[in-house]
Structures are given as structure tokens and as C-alpha cells.
Amino acid sequence: MNIRSLVWPLVFTIPAVLILLTMGFWQLERLAWKEQLIAERATALVADPVLLPSTADDLQTMNFRRVFVTGHFLHAKAVHLQNRNHNGVRGVDVITPLKRTASEGGGLVLVNRGWVPLAKLEMLADGNNSAGAIKRLSGVVRLGARGRNDFTPDNVPEKSSWYSVDPAAMAQVMEIDVPPLVLDADQVSKPGEYPVSGLSHYDLKNNHLSYALTWFALAAALMVIFGLFAWRLREQD
Numbered sequence: 001m002n003i004r005s006l007v008w009p010l011v012f013t014i015p016a017v018l019i020l021l022t023m024g025f026w027q028l029e030r031l032a033w034k035e036q037l038i039a040e041r042a043t044a045l046v047a048d049p050v051l052l053p054s055t056a057d058d059l060q061t062m063n064f065r066r067v068f069v070t071g072h073f074l075h076a077k078a079v080h081l082q083n084r085n086h087n088g089v090r091g092v093d094v095i096t097p098l099k100r101t102a103s104e105g106g107g108l109v110l111v112n113r114g115w116v117p118l119a120k121l122e123m124l125a126d127g128n129n130s131a132g133a134i135k136r137l138s139g140v141v142r143l144g145a146r147g148r149n150d151f152t153p154d155n156v157p158e159k160s161s162w163y164s165v166d167p168a169a170m171a172q173v174m175e176i177d178v179p180p181l182v183l184d185a186d187q188v189s190k191p192g193e194y195p196v197s198g199l200s201h202y203d204l205k206n207n208h209l210s211y212a213l214t215w216f217a218l219a220a221a222l223m224v225i226f227g228l229f230a231w232r233l234r235e236q237d
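Under the numbering used here, the first residue of the sequence shown is numbered 1, with each subsequent residue one higher.
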């Protein structure tokens, strides 16, 4: 067998295999990281609700924690997240600032009260005109902006067109000061009651094992191809 005939295939194969193996092991590292993240989130979600801290410094560790707050809604400042579907029906998610009681510091917090079909929005607005009672509610803390992908339209605050959650921008339009979070109300609504809360999902995709196996399979396939090529050269000799 002419060894020189294998030089260029080796020059290509060895680095390619090393790169593919590196990608596979990197995905295994990502798998361990994602599994830890999933476990931490699951632990936070099943923990007993605690009082939502009133200071920003105490909020950094509260993401996905179940909390409770007490106060009354400022319905006139509510905004709607567009393009929200539930059971095939178009609607919106209603995000309303809640004024906390003095015993909880008296601050404001944004609450995603849940989903409302478009046909019920006017009825909801009429019912909110007289609302202002003190309520105690529980929910899941979601820190920061979220809900955007490559296909999500940009928010247009000046037209009150919201497609993704952005607490800072929403607070600016509402002319209020709130912590950088939205509380997803998690009480299960009664049939026919709006908004419908408790619809949020917090599952994380974890495809890193399949990605790792794909990279390792490509590396193995490349080595097999090189082996077959070398075997054919040997047979030709």
C-alpha cells in the first residue's frame, strides 16, 4: 500500500474527528449543566410559597420561586400580551401592576393574571372598573425580559402592542417603578372565569444527549470511511 496516498485523507480525517469528538464532549458538559438547571428549577417550583421580597437585592435568587403577595390591582394601567392562544382560541395575556399592602412595603409588582379570549376583553374591562379589593395571590417569579425568538414581532410600546414580556419597558409606559420581574399567577381559574391563570409552563428542552450522540456518530462514521478507504488501497496493491 502506498502510504503517501493516505497523507491527505489523514490530514483531513484526524482534525475532523478531533473536532467532532470535541463537540460531542462539549454537549455532554452542556447536558450536565442542563440537568442541574432542570433540577434547580423543579426544586424551586415545588417549594412552599414565600413572601415576595420587597428589595431588589433579595430578588436575584427568586427566579422560578413560588411566592405570594397581597395588594390591589391598578387595572387602568394593564397591558396585553398579543397572540396568545388557548385551546385554539385567540386571546391575550393580561399583565397588571399590583399595589402591595403597607405591611409588604407598599411597592408595585407586575402580575401576569392569565389569558383572556378576545371576545371577553370588553367584559373584563367593564368588570375591572369597580375592582380594587385587596387580594392575596400566589405565583411564580419570572425575572427579566423573556418570550422572544426569531419570529416574535418587536414590541411597540407607544401603540400598546406587546408580544414579549419586558418589565422595564412596560413599567416605563405605565409610568411606575417596579422590580425587573413579572409574577405569573398560578391559581387555577374556575370554568368560565377570566383571566384564566395557571397556564404557564416552565419545562426546559434538553436535547444535549442526542446532540452528543450525533457528533460521536459522525466521528465514528468518518473513521469508518477512512478505514474503508485505506482497506481499498491495500486491496488494490
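Quick caveat, the hints were computed from the structure, so don't treat them as lab data.
Each hint should be verified, as a subset may be incorrect.
What the hints assert, rightly or not - The list that follows gives simulated cross-link-like pairs (lysine-lysine, PhoX-like), each with its CA atoms no further than 25 Å apart:
1) K205 with K159
2) K34 with K205
3) K77 with K120
4) K135 with K205
5) K77 with K159
6) K120 with K190
7) K159 with K135
8) K77 with K34
9) K190 with K159
| task | List, from low to high, the hint numbers that the structure doesn't satisfy. | result | Going through the list in order, the structure violates hints 1, 4, 7, 8 and 9 and respects the others.
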